[in-house]
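Enquirer: Each chain, written out:
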Amino acid sequence: MSKGENRTDHLPRSPGVGDDPREHKDTNTPPGKIRFRDLDEAVIEADRCIQCGSCAAACPSDSIGIDEIDGKPTLVKMCTGCSRCWDFCPRSGLRYERVIEETEANREGSTSAYAVRADDDSAREAGQDGGAVTALLAGLLEAGEIDGAVVAREREDEPLRGEAMLATSREELLESGGSIFNQTMQLGEIDRVVGESDLDDPDLALVGTPCVIQGAKALESFGRPGEGSEIALTVALFCTRSFEYDRLTSLLVEHGVEPEAVDHLDVADGKLFAYGESETLLETDVEAFDAAGLPGCEECADFTGRAADIAAGNVASPDDATTFVVRGERGADALDAAASELEIEDLGDDTALRKLAGWNRRKAEETLPREFDPEGDLSIGYEQHRERYDDTDRAPQSHNPARAYQYERWC
Amino acid sequence: MSDVSVVGPAWLDDHRDEVAVVDVRDENSYESVGHVPGAVNVPYEAIRDPTSGTAGHLPTPAEFAGLCAEAGIDEETPIVAYDDGPGVYAARLLLTAAALGHEGELYLLDGGYDDWSDSYETETGPVEGDEAASYDADEPGSPVVGRERVETAVDEDETVLVDTRSAAEYDSAHIPGAVQLGWEDLVADGSLKDREEIRRMLADRGLDADREIVLYCNTARRLSHTYAVLSELGYESVYAYEGSLTDWIREESDDWSPEGLEQQVREYADEGFEALVDAHGDGVLDRLKLIGLYHQKQRGYFMLRTKVPGGNLTAEQARVIGEVADEFATAPEEYGGAEQNAEFGDAYLDITDRQDIQMHWIELEDVPEIWDRYDEVGLTTMQACGNSVRNVVACPVSGLDPEEELDAQSVADRVTERFLGDEHYANLPRKFKVSVTGCHENCARAEINDLGLLPARKDGRVGFNAKIGGGLSDGPRIARDLDLFVEPDQVVDLVEAAADFFIDHGSYLDTAVNRLRFLVAEMGVETVREEIEARASFEFESAGEGLTERYRGDHVGVHEQADGNRYVGLNVPVGRMGGAEFARLADLAEQYGNGEVRVTLNQNAVLPGVAPDEVEQLREDPVVKRYSPDPGPFTRGVLACTGKEYCTYGIINTKNRAVRWARELDEWYEQEYDGPADPDAIRMHLSGCSASCAQPQIADIGLRGEDRRTIEGSEPAVDVGLGGDLGRERFIDWIVGSHPTADLPDAVRRVLDAYAADTEDEPFSVWVEQTPRERLFDLVTDRAESTATPTEADD
Ligand SMILES: Cc1cc2nc3c(=O)[nH]c(=O)nc-3n(C[C@H](O)[C@H](O)[C@H](O)COP(=O)(O)OP(=O)(O)OC[C@H]3O[C@@H](n4cnc5c(N)ncnc54)[C@H](O)[C@@H]3O)c2cc1C
Ligand code: SF4
Ligand code: SF4
Ligand code: SF4
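If you're matching them up, the sequences are chains A and B in order.
First residue of the first sequence? That's 1 in UniProt numbering, and the numbers climb one at a time after it.
First residue of the second sequence? That's 1 in UniProt numbering, and the numbers climb one at a time after it.
If we strip away everything but chain B, and leave its shape as in the complex, we get:
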């Protein structure tokens, strides 16, 4: 391994001609404040790249080689690096060079630029055109090590783990067995303390020069300095753990385990919310997501998410969910109590587009009671959120549909069971979404999941073709074909292998871009396939013949089942219904149906197994009337996420607005719309922000919350997109940005009137595709002079 020596300004002054001096400060400081004469500038930030496929924060060998070459450095050039002060950043450059196989000597300038400029000359101005060199960097290796090395260190005695952060940080959390040695304790007044004093500190901690030492900190920055110091003092086996401590902790500690969290909630249920936060810090609120508890905007209240794999509930389960919502999802008086929401009151639940059920206003005190009731009927909130394998979605009428190839539900259940409570998979780099479809109609939206399975046939066997890397939110992508056929029994293995691949390659450091789809985009689907195969326990075979015939938008209406009975698809606009009403569905399922209540990816509910001659009677029930299987097209197609009402990200309110719009537009549709094209449903999806929880990209009319700032003030607005169609693997085109919500129903009318006037029978998405953008833009924006009051109240 390469050693680093620490040198002072006097040494550098003597040896300046023999070494490459590298200034790692930012370009502006280098040029304007000044630098050591002849120094080249490689800004510190340029050598950290948490998004690269390389370990930790290291840049790729090619990136690093490029930077060095440009600075006129080859792999044998001796390097002296410095920064503003004691050298944390400069040491980072040296450690990077060491890890990437630099062969020349490495020196850290003690005291950095500040000490140098105290006594020696400096120069300003841009980099002089040094001759470019060629640089050959290796794949990263020692002294940088990965998690396995730390794991062994925790278990054995020869190696000591050293925490280079402050004592306070160490006290709040550290890797078991680690010794604390804050890098700052090794410096005084911006330069290294007396060497003997440092040796004493090391000896106090039992850190002898012949021991193996693994250093860590939070972001692999501070440890670089300690690395240089130990190396200077003749320590020969010093390694750096590139993963962050957070990463380690999440993997290993109780704080991040679902069981540990559940324990914490039970422990503090009596004392309440503030006591829990006092004891475990605000960070606990982020961790609780892992067990289905999202802290609401309103302090002290939670959204509780119940996962329903494949959307399939027994009547008993549905009743418990309904009752829990009715009893516990009640708003406190200070937030308006039963009147807190003008449209829905309180004590309601939301069916989501991932077949989860969410309720609001849950207090910590009530959670154990809810869990107990859930346990009795086999429901769970574990891993409904957080960076885990999320609720597996599946065709909501599996086992019923006459055209079904496979039972998607049983596959979804097996995947769910495999991952439930598994700590290893509870902390993926980010969330991981799986979808399973068994029918010909692709109703489980494989295209927008991390891993999507669609029915296929190969050599007479029936199984699935896999798609990978789909998703919405920032940087939406349609999943790519993985060219892989799997049998139903191999699905669990496949999901495991894909999750392993994600763990190994997904960056834990840059959370903003580490959904699986970015890896697929970066590495290419072939490489991803190879990587997953290497982790799977079965041999991959190429895709079979796909059996998907069309795309199905929803399950609303009364439909015939394979067994001759009917399933009744109720329409729950924006997915929100009263807890008591949901419990009533359970009664109806027992009375008329097969004892199941299913929830769909359209935020709707299905009652299966109704005898044909009982359908009419069922229709008479008030709940069925209210959530009618024969709604108007807008009410049928409307989807909305939680929105500003509870979500900290939501920019505008969604649910109330969307149902209001749908109602208004349905009236218009019935009375005035005069188009030959007469769809069952017009899909209008309203998302509170670009996280796109309501999936605007796959709607006919996709809307996403915005804020519009003009000289008159700010008003709620939406981005408007048109013509999404998963059946044609097409996302919407975003037509207008930040259009005032006040004009929204009108804008939809204008667009649909134009559509009706233009075409006889073309699907909406085809019409959108063929219509010039400018025209669509004009249709949406052409505001009738004063329908829009300047600021619509954002309720």
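Okay, chain A solo, but in the shape it has when bound:
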């Protein structure tokens, strides 16, 4: 950072939007100090959180956990105000487009697109599209390239609700095949799932929506020395939006579909499908579910997960295949190492992919209250955020004491 770049720092920092008792104090706030409650107001209370879990992963004191009710980040321990959660949140302090830009600039090797199918029937069965992601991970596990993959599965107690899991065997991968259309705080869950396993210092593959991978990349590139080094491969799932769990199930019910009856959902060609064990329960324009989309997703311009080593989706390839975009040496090596598990063809015409990505990006640029600037500063300060977001419908909302931090752990 060049000298003097923080020059506005000596100005008094504006207080958060809520009337917090801690603001009635006898000294000023250190310039640039950002606490969890600022993130909370600007992102979570403002209903912009995409539940990527970057904040939880970045917090040095593990102060951020997952709220039992809404699945969003919440404080579970004292917050020291180190600003890291803000600095790594792609909806506030982290200019995610710059992360993508840096990642691409530093990547060695080329990018190719393929149509990929799992070689094995069970993986194809278990998978959402071609089962290619499942097969890729199984291949890497068996080749000893990774010790585990952080994926997602449906929770046992709530239909369609996802949770992060660590798969360390083919069986577990088959179990977790298919797409989960709500967010799991994936990045913040890595420590937990690894901690609960018997792996020690493992090499991992991380699967997640593009925002999750942005966070992972940011920690690896701009974090503390060694941070993020356990992730040997990142796999992004193409994504235009994810859904808020309660709203999603409410809308399903409204469309006459009981969430319990749904085996899996799919979003493809502008339609949303709900499938039962054997029949199609619902096929409707995905717009009918707009209200359940995470509002924070509208600010996302990263359909193809450009920070990831491999990105996977359904668009542009045949129905029974997965589109793979394989980037750089890490991506290519992974594909090689798992080749025996996969049927790989060149993608051929990628117009549909490029169109959708372009549309997604234009939409995001329209929605973002701030400028979309891949060359811009990596960091977006609290004041800068407020300048752009205040007085928009994405403005910070005062922190709600009811969501307050009922933690018992202090220094």
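Since the hints were made in silico from the structure, they are not lab data.
Values in this document were obtained by computation on a predicted structure and should not be read as measured data.
Idealized CB from N, CA, C, for every residue including glycine.
There may be inaccurate statements among the hints.
[Stated by the list, open to error] Below 27 angstroms or equal to it, Euclidean Cα-Cα: the simulated BS3-like pairs (lysine-lysine) are:
#1 B/Lys297 to A/Lys77
#2 A/Lys363 to A/Lys72
#3 A/Lys33 to A/Lys77
#4 A/Lys72 to A/Lys33
#5 B/Lys297 to A/Lys33
#6 A/Lys77 to B/Lys458
#7 A/Lys33 to B/Lys193
#8 B/Lys297 to B/Lys431
#9 A/Lys271 to A/Lys355
[Unchecked claim] Part of the chain A face toward chain B, derived, beta carbon under 8 angstroms:
#10 Thr27
#11 Thr29
#12 Ser61
#13 Gly65
#14 Thr80
#15 Val286
#16 Ala288
#17 Ala291
#18 Pro374
#19 Gly376
Start from chain A and add chain B with the ligands according to the hints.
Expert: Relative to the frame of chain A, chain B with the ligands by itself:
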């Protein structure tokens, strides 16, 4: 009391025009997913306010009235409330209305929005501009009850306590005598089960309609649903306990009593750490703080905190502490053993700025042995941590100082004795810090304690003036004058009354903002005074004439005592010294001094009662040489908390860094600094994070650990503040945020050179106050081009 009825979508469809329909889901769901036509939106979250002064989670009557009025509801309007599903959240609104005196009918929509939208029309979009109404809410009352009601229920037979959580939760802990009735067992597929089936379940548990029932859960949310169901079934005496179960348990159970915890430690000492955690869960690690054991970052090892009221130790006690540190505070080989810390090795202890002594790497296996040795010499670790009356700090030279008005030590001892082991006060809403000063020099920092006592005179009597509500960390405040004079004999009463007030009004629910200072800020110091007086056993009188003349930073150096002897203030940089060295101090105290070792609020040690002609000889001892009473100004003024080395919150390492800086800066000071202003000490306080354990706010140069993330990566950093001065009741001004630690000694030099150039004899804090912020900012940040390597190793 107001009844709640449970109605279905068909009923609502018929009666929609006669009632106010309230949607308690969040605004986004209400607007975008849809709502019952004509429904108003009062988001559930808006009606829960654990930070308000009102009982439990209830909003204040004014807040609730405002929400209702805005939604066009007056106190007689019938209300139908719904949420996404079976109605836990909606029931919460109804219970809130009932408690705040709503007079109209209350209905819960069974199955919520999901069932409604299955069969009936919905609408989307924002709230229609309903006519605002006026609403008159009462102070909270029945059906919401407090802890006393539960206490009676536990003791008598007429009332049944009902635990509305799951059977598993009930099994892990419940209030004695409570019957389990999980709210979820009453619903199936998102709506209420068949009424007859529910009646059978109730009958199975002996819950007849004519019994008095008190419901509880964890956060007063789930019980609301059960309340509605019982009310629907014609139960007339149903009450809700707003306090959380955690709150109850902490108050009542062995798990939270110091004796119970001590027992657990002794029981598992042989089997070890993991066995204890297996048996009592990870939560036991939080509870152990209550008896002085802080679990370190390194699994299986503890920091042990010994409290030293007023900082006063006998030589015998000091020797035991030193020996224990030497023997047990040793790092295991896997963490580097004796080399684990480049600066200090291991087997050391830390004197803290609250006159406690901490040691690290303590293993569970050794704790009983340590306690036994402690018992023999009258030391304790009980209530050294946790939400209790913390170590009472006092003037470390009380009884010695020639200018003393009162013996602060004896007052500190009496307060300590009163609260030690008292279970009632072992679980305050948060920690409670008391400071007692007896001299004219305010060396015990009354301003930053919850309750601070400074000497005063009134009508010829000598006693204390009280200050209340000071503290650092998040939202720092200087204590306010309570306008109260107390005699030394009344102090214990006062502390008790203040603690009682804290228990009654401090929120157990929102732990983030419940230090006493927030109550003082919220209620105003006059109200707080009245509240405390109401709980005290003596009549309050207004403040006397304060006797404080100045503020004293430390006790380093050789000073004359009232009796003509000397006390020798040793300088222990950042408070850390070897256990063996500390034991040596005990020898010296016996050999040269009066048999006491005192520890100060500056992380230093004092040897009192040295005969004037023996001082020189004492100075020759290697330990006295090492912790010299004549240090350089930086080494003398440096203070640091535990930091990242052991503390889970610490963002950067502190102790090693701070001593290194102090050494480097002292050299510079001696050789190059050329200022007319030549202070004895330059107080540089380095705290690992904003919890501010090293009290950066009162330093000349206050530093607080941060992390600085740039495109080049993350590096350790500090917030830099300047010009704190308790003598002038001034906290520092924070000048720069997240400045790289790599540039730190240089930044201090730049600031001090500018100070020296600007002024002849002004105190540093005055200079800071008069210098424009921008200039200070430039002085701190102006990095000489490449002193800073991008990432300083964070050792
Ligand atoms: C929210 C969301 C939106 C999507 N939108 C589109 C779209 O608009 N267009 C498009 O072409 N493709 C989209 N996809 C990607 C698509 O649904 C498939 O995931 C992709 O084609 C890979 O298919 P597969 O059969 O190879 O994967 P599979 O073999 O099914 O393997 C997928 C792996 O990803 C993991 N996983 C699934 N969901 C998540 C999640 N939410 N977080 C973390 N890990 C997860 C699974 O556990 C599994 O290990 C979306 C995916 C998601 C999760
Ligand atoms: S301590 Fe954790 S929650 Fe608080 S600011 Fe830092 S990263 Fe955020
Ligand atoms: S968007 Fe991601 S990083 Fe930001 S608050 Fe939500 S979970 Fe945390
Ligand atoms: S659209 Fe973007 S922000 Fe939303 S889940 Fe997908 S990747 Fe994340």
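Enquirer: Evaluate each hint against the coordinates.
Expert: Structure-based check of all given hints:
Under the criterion of a C-alpha separation no larger than 27 angstroms, the hint pairing lysine 297 of chain B with lysine 77 of chain A is consistent with the structure, at around 14 angstroms. With a C-alpha separation of about 25 angstroms, the suggested pair lysine 363 of chain A and lysine 72 of chain A falls inside the 27 angstroms cut-off, and the hint holds. Among the hinted pairs, lysine 33 of chain A with lysine 77 of chain A is consistent with the structure: their alpha-carbon atoms are about 18 angstroms apart, no more than 27 angstroms. Restraint check for lysine 72 of chain A and lysine 33 of chain A: the C-alpha separation of about 23 angstroms stays at or below 27 angstroms, so the hint holds.
For the hint linking lysine 297 of chain B to lysine 33 of chain A, the alpha-carbon distance of about 25 angstroms falls within 27 angstroms, and the restraint holds. Between the alpha carbons of lysine 77 of chain A and lysine 458 of chain B the distance comes to roughly 45 angstroms, so the proposed pair goes past 27 angstroms and is violated. For the hint pairing lysine 33 of chain A with lysine 193 of chain B, the CA-to-CA distance comes to about 51 angstroms; that exceeds 27 angstroms, so the pair is violated. Taking the CA atoms of lysine 297 of chain B and lysine 431 of chain B, the gap is about 22 angstroms. The hint holds against a cut of 27 angstroms.
Annotation: proposed proximity of lysine 271 of chain A to lysine 355 of chain A holds, straight-line Cα distance about 17 angstroms (limit 27 angstroms). A hinted interface residue such as threonine 27 of chain A counts as satisfied when its beta carbon comes closer than 8 angstroms to some beta carbon of chain B; here the least separation is about 4 angstroms, so the hint holds. Annotation: threonine 29 of chain A was flagged as interfacial toward chain B, and the flag holds, the nearest CB pair being 7 angstroms apart, inside 8 angstroms. Evaluation of the serine 61 of chain A hint against chain B yields a held restraint, the C-beta minimum of about 5 angstroms falling below 8 angstroms.
Hint status for glycine 65 of chain A relative to chain B: violated, with the closest Cβ pair at about 13 angstroms, above 8 angstroms. Hint on threonine 80 of chain A holds. Least Cβ distance to chain B is approximately 4 angstroms, under the 8 angstroms limit. Because the smallest distance between the Cβ of valine 286 of chain A and any Cβ of chain B comes to about 14 angstroms, over 8 angstroms, the interface hint for this residue is violated. The closest approach between the C-beta of alanine 288 of chain A and any C-beta of chain B is roughly 11 angstroms, which is over the 8 angstroms cut-off, so the hint fails.
Among the interface hints, the one on alanine 291 of chain A holds; its C-beta lies about 3 angstroms from the nearest C-beta in chain B, closer than the 8 angstroms criterion. Taking 8 angstroms as the C-beta contact cut-off toward chain B, the hint placing proline 374 of chain A at the interface is violated, the least distance being around 13 angstroms. Nearest Cβ of chain B to the Cβ of glycine 376 of chain A: about 11 angstroms, over the 8 angstroms cut. The hint is violated.
In this structure, the earlier hints numbered 6, 7, 13, 15, 16, 18, 19 are contradicted, and the remaining ones agree with it.
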